[in-house]
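**Student:** Generate the whole structure from the sequences, applying the supplied hints.
Residue numbers (my numbering), protein chains in the order written: chain G, 1 to 405; chain C, 1001 to 1383; chain R, 2001 to 2127.
Take these hints with a grain of salt, some might be off.
On the chain G side, residues computed to face chain R include the following (Cβ under 7 Å) [unchecked claim]: (1) Met273; (2) Leu274; (3) Glu348; (4) Leu387; (5) Glu401; (6) Trp402.
Worth flagging that the hints you see were computed from the coordinates, not collected in a lab. Beta carbons are placed, not taken as given, at the ideal position from N, Cα and C, and that holds for glycine.
So the chains spell out like this:
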Amino acid sequence: MSERKPIYLDYSATTPVDPRVAQKMIPYLTEDFGNPASRSHPYGWTAEQAVENAREEVAKLVNADPREIVWTSGATESNNLAIKGAAHFYAGSKGKHIITSATEHKAVLDTVRELEREGYEATYLQPEADGLISLEKFKAAIRPDTVLASIMLVNNEIGVIQDIEALGNVCRANNIIFHVDAAQATGKVVIDLEKLPVDLMSFSAHKTYGPKGIGALYVRRKPRIRIEAQMHGGGHERGMRSGTLATHQIVGMGEAFRIAREEMASENERIRMLRDRLLNGLLQIEETYVNGDLDHRVPHNLNVSFNFVEGESLIMAIKDIAVSSGSACTSASLEPSYVLRALGRSDELAHSSIRFSIGRFTTEADVDYTIELLKSKIGKLRELSPLWEMFKDGIDLSKVEWAEH
Amino acid sequence: MSMKTAFFDHNSTTALKPQVLEAMLPWLTQPSGNPTSRHIYGRNAREAIDMARKQIADCVGVQASQVVFTSGGTEANNFAIKGITANLPPSQLLISAIEHPCVTRPAQSLAWHQWNVAQIGVNSEGVIDLAKAEQALKTRTGLVSAMLANNETGALQPVAELATLAKAHGAILHTDAVQAFGKIEVNMPTLGVQAMTISSHKIGGPVGVGALILDKRVDIAPLLHGGGQERGLRSGTENVAGIVGFAQACQLAMQSLNFRRTTAKGLRDQLEAGLSKLGAVIFAQQATRLPNTSFFAIPNIDGETLVTALDKVGFAVASGSACSSDSTEPSHVLLAMGIEPDLARGAVRVSLSESNSSEEITQFLAALQQEVQRLKGLNAVAA
Amino acid sequence: MAYSDKVLDHYENPRNVGSLDKNDPNVGTGMVGAPACGDVMKLQIKVNDAGVIEDAKFKTYGCGSAIASSSLVTEWLKGKTLDQAQEIKNSAIAEELALPPVKIHCSVLAEDAIKSAIADLKSKQGH
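**Tutor:** Here it is as structure tokens:
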């Protein structure tokens, strides 16, 4: 009995490596080995050139200078380096207050929490119900001692796009270092760092069809932004990040970002069509709610809650598609997504949410299959659900006194 | 340029073994998930990491849960130094005088956090002086970091003895085993250390992955915060292909350890017999060394110049450690050994592997003799 | 999480899904749990004049283990007297379904549902 692999609709968790990227990487795993920091022999030279070409490709995608790109092991490290690095460097001159949002990735939130343990203070902005950060609330959070703000460009769970330009202008006007986590944005939205008032920006390869374990941090040169290194050693990456550079990984990221730059426009159009098809199909199911704003959003993401269906049973029911659910399974209980909670969603709706993320290899047939699967499984689970029965009987569930245990 | 270069710089990096590539390829060419995801793509990736962790743990005699994957040796060393001290009250941090910059630099950064960083000296053969270590440990010490084998001289360090001393003084011992691992047997329980760094690309695995192996009783703070991977000790999506390749390389290295040790030693003996005839000074020659490493200088010949000259005739060697190749300062390791700076500036490192051949050594010695004569001639003209 | 074959079987082919007339004097209805906790179980039993449970139905909002626990007890209840039904213990449900420790609460909920349905029936019948 051969088991069919589920349809992959989890591109926001990670993307498969594009075959063109893999092809480009493999020679650097085999023939062209060499430590790019070893200048004394030709193996090292080839590697160095490949690394610099890749740096240029990454810079081009976001319209930056290659000298503004620092390699890291991934967006988590980029976020750690940017936030701790800038906070440590500028705390003395500016202060110890940080602004971020409650819907950032854990790599930002946990880094800011770590700084709080070091004696910094942080404001976690709650987004509006559509997932967007209010410019007014952002302005109101600024204090004289605010040193840094960190806001993501595209949210990983609900795909909403924040108004980075407006937020960045506020930061400029207030002399605040502005970091943007763009791990979910590359290849999905146009990023022009010549125009955007952003000082530091984090990138990941494996969310953009590159390999896992490589990322980059953009560090603005004009005006020059300084960061304190978090990894010390041989002084690679102009002292900002030591460690032997993984040439094959860097080459892979460069190629992935080159493809993203060249194909983004047409790819986004195709993905938007697929997303609309999926959206229209799913909205035919009663009591279905889209989480997050639909206009300020990348087309790759669709996050939907199915009311009166419990989250874990829903995941069990849709084993034939690979998606993420709005609840992280901790050891003992389901924990509803903190992003959906921040949007004001009830625990029930947060639990019953599914993040569909569409990508380069998704087909129309995949989408159609998904719609039919959801229709049938949601129907079955609601048939089983006493809450659905009560809802259909016109009972207001919020008024029911539950025998909680 | 069609000339084939003989690669004599295996302490800097090593070629990926074909079996390692084979193990990695499915994770680069086939759809694979994020190991955190609960669907089959994610679970498969998680299983691959778990298996790799077990394989690596077996290679160094520990339990799988003691292995924390990192982006390489530099990160693992930074993690050990910064992470262990972060959870201790400030006291003395003791490091040897011959550590790699990715130990000394994070150590220096701790001076900001009220830690007093002190160095343990080495003898003229580049081996840590245990009497000095014992003396230094009389000052209250939280952490000691000493490498297992030096990357430049190849000299093995008395880490097990240091572990006993450190334990007696209530200090934690970390060892950077990046150079030793895969070249000699490395068993963490036998060494008695509480933390140990290993790296993949020094043993035929891919660049960009390493591990810190921890005694379970060590309380360490993470360097990278975020999604809580690696039991919260190292956040960030796992480099699945890299980790799988690392484990494969570890296993291959262990299987062929004796063969490779013997082969490399034979080649080095041949090399050093020839070097002596050319009047070379071989550093740490009396110490027990890694079997593949020879660090030498020809008096009055600049190391950097010689490396460049040898490169032109097809031999890839190093002047010092690759990480410090940019600087013209003489090797801090040689200076710590009491070598005169002028002689130290002449240092050249040859690091071999079983992929090298006796013919290559013969050709190298001939080329070296020629280059030395040519450079001496130039020196004479300049004088 | 790995579910046992029995849980998967009950989840995929739940037995006795549905509702009985809750106004029928011979029907007892138990509703336990809360949406915010992630589990709501509705269990109904219908007794004949001899006091034997002749039908049982359930609806459950909850995880696979909760669905399986309630499906299983509807099978067990049929043909039992109320006294026998009262004796069903959560440990027996957990054992039958090989529930992992984190899912034991599902079996507890199923036991509570039985007790609640019996109590409802008894109060209706004036006991």
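**Student:** The structure should be examined with respect to each hint, and the outcome stated for every one.
**Tutor:** These are the hints, each one checked on the structure:
no. : hint   : result
1   : Met273 : violated (34 Å)
2   : Leu274 : violated (30 Å)
3   : Glu348 : holds (5 Å)
4   : Leu387 : holds (5 Å)
5   : Glu401 : violated (9 Å)
6   : Trp402 : holds (3 Å)
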